[in-house]
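Participant: Sequence:
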Amino acid sequence: MIRVNRMEVTRKDFEQLLFKVGQQQVMKDVTGKILALCISDPAHLLACIQYLRSQRGSILLLHGETPQQRAIQLAQQAGCHGLLWGSYDTYIPVDPSAAMQEDAFLYQYSSGTTGDAKLIKRKWTHIETEIAAYNQALGGSAEEVPIVLVPMSHSYGLICGVLASLARGATPIMITNRNPKLTWSIIRENPKHIVYGIPSLYHVLLGFSSETTRMDRVMSSGAPMLDSLLSQLQVRANDVMQQYGCSEIGCISLSQQVSSSSDIGTPLRHLQVHTGDSADNPSEIEIVVGNWTHGTKDIGFWSYDGQLQVVGRMDDVINVSGLKVFPQEVETIIGMLPEVNEVVVYRGIHPIIGECVQAQVVLEAPLEVKAIRDWCIQQLPPYKVPAEIEIVTEIRKMPSGKISRRLLEKGGS
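Okay, so the sequence shown: first residue is 1 according to UniProt numbering, each after it adds one.
No lab work stands behind these hints, which were simulated from the structure alone. Check the hints yourself; a few may be wrong.
[Stated by the list, open to error] The calculated PhoX-like cross-link candidates involving lysine-lysine, where the alpha carbons are at most 25 Å apart (straight line), are:
| # | residue 1 | residue 2 |
| --- | --- | --- |
| 1 | 397 | 181 |
| 2 | 181 | 20 |
| 3 | 12 | 28 |
| 4 | 297 | 123 |
| 5 | 370 | 118 |
| 6 | 297 | 118 |
| 7 | 397 | 118 |
| 8 | 28 | 121 |
| 9 | 402 | 118 |
| 10 | 324 | 410 |
| 11 | 192 | 181 |
| 12 | 397 | 297 |
| 13 | 123 | 28 |
| 14 | 410 | 297 |
| 15 | 123 | 12 |
| 16 | 397 | 410 |
| 17 | 324 | 297 |
| 18 | 402 | 297 |
| 19 | 121 | 297 |
| 20 | 121 | 402 |
| 21 | 370 | 324 |
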């Protein structure tokens, strides 16, 4: 049914695990209640999720490595009745008198890349609609092996990587061991596969330079790819795909053959998407679901061939003396340099001119800051050239693997 690294969990094994979950005292009456799940073991976490769904209980999904006291705080803030911490059999009461839910929901905190994390809730029935539309757009089969590099505490890993795979009849392999050698060996052993990852994980995987194995299909999400990373993946994989989504909606669109880092493809069948009509006229990407319209705060446009493109976050736009700079555009230019492995561009504050462009760059070969700046001067108008470029060994990331420009603006590195 599933695999965790090299450990196989058969359907019989999983049914036995489900039975053990159901035997826990807290699970005897969970309909309408919210339980927080802070569990690292993918099999235990999936069993708890599936059992609670079957009993119309609601779930707050927390990163499995969250410290216990912090997990309790987050559960309290979300109005949870209790917390399963570390395992299905370790229950911590949080608020037994918490409000009962009229429906079954999946609760998650947003990644908080542009501010404080928000509590998001989605009906499981809406997630089921998303899964059906996602599988129709993806076109996968039961024979294709999903290799999931992202944790199940991330909705991309849980919904697209695991639940959608199970709905296709596939057997997902969840990688929790971060040794690239193990990941490559599993890829090699399963030639017909789809890898679910995020850009930072693909950087690590491709950095394992002794590996020459070719990948079949790779999916990226969670953050925009640099064009340099996209080029590397296109050399190493048969199909490079990219999907786009948000916490409130789930997966919004999917590109089967990515043409550029901004290409996020075609919306799923159950959604309507409104945005700018050309690259010269970008605007906020808005999603219509039934009678509800959700503004994503992402800026995008439709390409000439009808593909959705995303160019950045409204919150990330840098106002340089009244002129707008989209960080992703500058990142793309810097990322063209072969010596550059990773780059992030963000808002800085100059004591005289106000907002300015700053960049952090991770190199894979020696390169001077002056060479990077000279390249930017050749490729960009002056107001888009970074006022400050810092060479770093690593760009700080959040537990989800995403980069928070807001933290970098505050001085985090």
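Participant: Checking against the hints above, which ones are violated?
Facilitator: Numbers 2, 5, 15, in rising order.
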